[in-house]
Each structure stands twice: as C-alpha cells, then as structure tokens.
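Peer 1: Protein sequences, first through last, are from chains A and B. Residues 1 to 293 in the numbering used here are what the first sequence spells out, letter by letter. Residues 1 to 200 in the numbering used here are what the second sequence spells out, letter by letter.
Derived by calculation from the structure, the hints in this document are not laboratory data. There may be inaccurate statements among the hints.
If you only want the chain A side, here are some residues facing chain B, beta carbon under 7 Å, derived [stated by the list, open to error]:
1. 13
2. 14
3. 92
4. 114
5. 115
6. 257
7. 262
8. 265
9. 273
10. 275
11. 278
What the simulated footprint calls covered on chain A by chain B, stretch by stretch (three residues with Cβ under 8 Å from a Cβ of chain B suffice, anywhere in the stretch; the number is not a length) [stated by the list, open to error]:
12. 29 to 43
13. 59 to 65
14. 175 to 186
Note that CB positions come from ideal geometry on N, CA and C, so glycine has one too.
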Amino acid sequence: MSRATLRVQAISGHAGSAPGTGTQRGERVAKLIDTTTCIGCKACEVACLEWNDLPFRETVFDNTYQTMPETAWNYWNLIQFREHTNEDGTLQWLMRKDQCMHCAEPGCLIACPADGAIVQYQNGIVDFQQEYCIGCQYCVAGCPFNIPKFNPATKKMFKCTLCTDRVSQGLEPACIKACPTGCLHFGSKEDMSAMAQARAAQLREHGGHKNAGVYDPEGVGGTSVIYVLHDATNPEAYGGLPKNPRVPLSVKLWKGPLKWLGNLAMIGGLIGVTMHYLRFGPKHVQAEPEERE
Amino acid sequence: MILRYTLVERAIHWLAALTYMYVLATGLAFYSPHLYWVAAILGGAPTSRFWHPWVALVFAATLAWMLRAWVADMRITAADHAWGGAMRHYVRNEDGNLPPIDRFNLGQKYFFWVMVFAGLVLVVTGAAMWFPDRTPRAMRGAAILLHVAAALVTVGAFIIHVYMGTAVVRGGFSSIIRGEVSPAWAKTHHRLWYHRVTGK
C-alpha cells in the first residue's frame, strides 16, 4: 500500500506497453464489502462526496431507501437497496455498496482509445485521468458493471478512484474510514480474500446462510473490490451484480481480430493499388477508327 | 466537351469527400493508438471527438443527396452484368474488349452502394455510440464493433475509388472538378451514356 504500488501497470490507448510493467513485486490492494453487516446508513456515500469534494446533488426517490437509481459522474458510491423474498417467504433487505470494482482485466481500459486516459496501477487500482479523457464514452461499452459516467459539461468520464490520493499516502479510502459497522475493510488483496473467505465460512456454518460466499469474479481476472454475500449463487439479487461479468466479447473482437484484419486490409489495399499501377499503369482514351484515318 | 457532372453534383461530391476524409482521419485516430497522432494534428483528440459525429452528419446528408440524385444512374443493369463478366479486361487495361456501359461502370456502382449501406450502418451505430446511456447495455459493444467493421469496408472502397479516379482513369479527376469530359473519353469509358447524351 506504499506509494511504490502506484506505479503504472497498464495504460489505455497506448502504443506499446507501460514503462516499468512487472518491475516491482506485486502488492495488490483490495476493498472488502461484507453485505451481511451493512446497515445501509450511507455514511460511505457521504464520506465519498466529502473527501472527493463532490457537490451534493439531487436525489431521486423511487420508493426505496436508495439515494438514486445508479451512480453518477459526481456520485461514485451508492448503496443499492433491494427487498428480496427468500424461498421460505421471508423478506430480506439486501444492501450493497456499489462502486467501481477495479477489475484486474478492466474493460474500460481495454476499450479506451485515449493515450493515458485510464491507467491501472500495480496495486490494482484502475484510475481515470480526466486531463487525457476525450469523452468518447467507449469505457461505458467496456464496463460490465455500468460504472463510468459522463459529465456533459466537461465531456469527461468519472468514477470511483478507490481514493488513490489517500492510498498513496498510506491511508484507507474515505468510505472505509466512515463505515460504522465495520462491514468495510481495506488491505492487501490476499488479506482481504482470506478475511472474506473466513467470514463466508462463518456465515455458512453458524449464520444459516448455506450459500454464503465471496464475490471476486474470475471473468474479469478478479477485482480489487470483493463482496461477502449471503447468497453467492444469486449476485443479481443485490442490485444487478452480474453473475459472471466479462469484458464484452464485442469489445474483445473489436480490439483483437477486427483490428488485425482491418490493418491487413488497409495496408494490403494500399500495396495492391500501388502494385496495380506499377504493372498496368493508367488507362488511355482510345482514338476512334475514323479519327485515326 | 460533354458535361458529365453538374456544378451541384461536383460541389456535393467534394463536400462528401472532405467530410469523409475528416471522419476517416479522426476515426483512425480512435481506432489505433499508433494513429492517435492524427488527432493531435487535427486539433487534439477531444476536439476530434467533438466534431467527428457532427461532420459525420454532414457526410450522411451528402450521401442522402447523392442517393436521391444518382439512384436512377446507379441501378445495376444487364449491360453492367455483361461488363462485370469481362471485368478482368478492365483490370488489365484491355478496355477495347469491354461491352459498352452507361454513365457509371459496375465498379462505380458498387462503390456507391457500399458507401450508402455502410453509411447507413455507420449512422445508426454512431448514434448508439454518441448516446451510450440511451443504448441497451448489450448493444453498446456491438455498436462499436459494427461501426469499426463498416468503416473498414468504406476504407477499402475509398482506396480503390481514389486510385481509379486519379491515377488510372485519366480525365476522371478533372471531370469531377470542372465537370467536362472529351467525346473520346466518354466513348471509351461510357459509350452508352455518350450515345444517350449526345444523341449520336
């Protein structure tokens, strides 16, 4: 969690690899969110606004305790409330702190065409650099969690930074600091994973939640935000947490095979017409027989 | 001299060419990090991103105009099929072996229809990319994929179009600038059209 782990590991839209990749011992950080002890107090929402100096904005009442339907360009941390009916007919309140998941394989970064607009640090944090953002919103298509949001006034994208500025100084993110129940933890990825697994086992063995488990989706290479869920078999119930999130296939095809095919076709086309000219040259207007005579 | 393109046709053609080349250049900058420098030349990537869709709308409008103006001339006829069957002679500059054709040859017609249909795909997918928050999530990536694929198809067609119009068919480039061709040029390349417009 030292400043050294804020070395850049991957850069969006960048010709070539990131300088310094893999030169350091990896020390990934992670945020652990235990949904089973969240009380939905929204202290984390307020702390996020306070620390990041975001303006308070209009809330949208939709007959739940949720502040607004989804995160916004200036509202990066949102408690998703769901009333869930269990199989036995009992009602359960599901509360999930929704924010950027900081994927190990970030779809936003893969989709981004702007050199340096999105970086991934060695500690796992995926961060937007607004000064390089061009406002194309390709990251919106790349993200399986619907996180990057567009500010129409500045034409820049915003999302949770995992408090890069605090982490770089050895502090925990603002949301973690504000949590009154201790359902939020911050530390190294290994420590948080072990803590999450221990808590899930406790819930299975002693809490009556036989499906309790850890959400650290492999489809995006794991995330630097992991959840403990009462029912890990049904993450969708927690405000649409995708069961098996992936970088969309269309984005991978676009950045992979289509690009090679396109490059080959364009270069092949230019070489082709050049060769044609060298071999056959220009067409000449044919003189009519009567004109020849 | 014979008038091949009216002043309005020429003006619209060059508006289409300019706007297409702008969206092509800015689009290529967003296509590959190795071409991102193109955006820097054109005033920076945020500026390129801002103007790309607006200039594209102008290009789409020129396409719509050309569709309305040339649709009759662009229908693929029996004469075109005969010409297409002998296309290898055209490629080898053996033009004496080609059957006569009207105002446009089959290659020009293919170019026209490729641009019209790819343009339609580019406008629809481009709108989805312009307003991703109003696009269903599953469609966002597909829109970009289709947009890039359609754009690449137009690039191939564009390379051949520019090459044929400037390097190969001498007289073609001046015809789209000043509008006129010589009777011999018309007879060589578009004999049926020559008969139709001159009455000879």
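Peer 1: So, against the hints stated earlier in the document, which numbers end up violated here?
Peer 2: 3, 6, 10, 11, 12, 13 and 14
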